[in-house]
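Trainee: Residue strings, one per chain:
Protein chains: 2
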Amino acid sequence: MAQLDDLDRAILRLLKEDARLTISEIAEKLGRPESTIHFRIKKLQEKNVIERYTIVLGEDFRPKALGIVYIQARTPVIEDFLEKYIAHILKTLAMIPNVLLVARSGADGIVALIGGENWDKVQNFVRETVEVLPGLEKVELFPIDDFEKGDGIVGFLVDV
Amino acid sequence: MAQLDDLDRAILRLLKEDARLTISEIAEKLGRPESTIHFRIKKLQEKNVIERYTIVLGEDFRPKALGIVYIQARTPVIEDFLEKYIAHILKTLAMIPNVLLVARSGADGIVALIGGENWDKVQNFVRETVEVLPGLEKVELFPIDDFEKGDGIVGFLVDV
Chain A
700 MAQLDDLDRA ILRLLKEDAR LTISEIAEKL GRPESTIHFR IKKLQEKNVI ERYTIVLGED
760 FRPKALGIVY IQARTPVIED FLEKYIAHIL KTLAMIPNVL LVARSGADGI VALIGGENWD
820 KVQNFVRETV EVLPGLEKVE LFPIDDFEKG DGIVGFLVDV
Chain B
700 MAQLDDLDRA ILRLLKEDAR LTISEIAEKL GRPESTIHFR IKKLQEKNVI ERYTIVLGED
760 FRPKALGIVY IQARTPVIED FLEKYIAHIL KTLAMIPNVL LVARSGADGI VALIGGENWD
820 KVQNFVRETV EVLPGLEKVE LFPIDDFEKG DGIVGFLVDV
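Line by line, the protein sequences give chains A and B. First residue of the first sequence: 700, per my numbering; consecutive thereafter. First residue of the second sequence: 700, per my numbering; consecutive thereafter.
All the pointers check out, no bait thrown in.
Which copy? The list can't say, so a pair holds if one copy fits it or any two copies do.
As a list, the in silico BS3-like pairs of lysine-lysine whose alpha-carbon atoms are at most 27 angstroms apart:
no.: 1; residue 1: K763; residue 2: K741
no.: 2; residue 1: K848; residue 2: K763
no.: 3; residue 1: K820; residue 2: K848
no.: 4; residue 1: K741; residue 2: K728
no.: 5; residue 1: K746; residue 2: K763
no.: 6; residue 1: K763; residue 2: K790
In case anyone wonders, no lab produced these hints; they're calculated from the structure.
Produce the entire structure from the sequences given, and follow the hints as far as they go.
Mentor: Structure representation (structure tokens):
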């Protein structure tokens, strides 16, 4: 794993805030020569510390309501079926635009982040798209209201 | 709300993949004049469709294990206390580096995304930092294993 020093961390923090900062702007903010900043950023990219550059979409394009759903499948007699069934649900959910994130959760579970225009729509989605799936043991839905930390994820995840 | 057409969406999709693409690279990919692309991006920024540019950190700098924890507070006799207590827990959790995300969940709940070197550390964190809080009704922890969609969030959220 790449070792980072204070300068690397300072550069990364600035780029996290605004990845459009120029080399000379960063150099000025950190009181270091441009050549140093240029070299460090090059290294950070080569070592995949910076994996990629992206954009965060503004409020208008983010769903107004969010929920996290936990889905637990009933353990079937044939173990192999569970595996295939979970894979199938994961793939299906991932294709739906208002499913912002979906991941496996343990051997028999799935966690997804669902967006919608309002909380009713999120609940309806879970009722009509998730709860109707056969062979589920449990479906739990938790609303996500005001973010204290990490609210950028919605603008990061949302599709256009 | 800003109306987007197909060209706007195509530009946004390219920038989401790689926000370092130059105007001329985007122009070439989309078969449109540079002046058009330049104008569209300027508008997308002005209208806050593009809120900001950022970086996603690579695998080495992401926690290896993740879990989502749902915390429900016991409803106290004095409603006002609940409000202050939830606000206090939110603030406290937000300051901890391995709490990648924390948000309010309904009137009496909190949802947080916890990272750690391995699953044991995530569980220990929840046991030692969350479950010890007084006045809780319920704490549920769901592991987040392989992402089917949205895996960039960890590299987006993680602090350096």
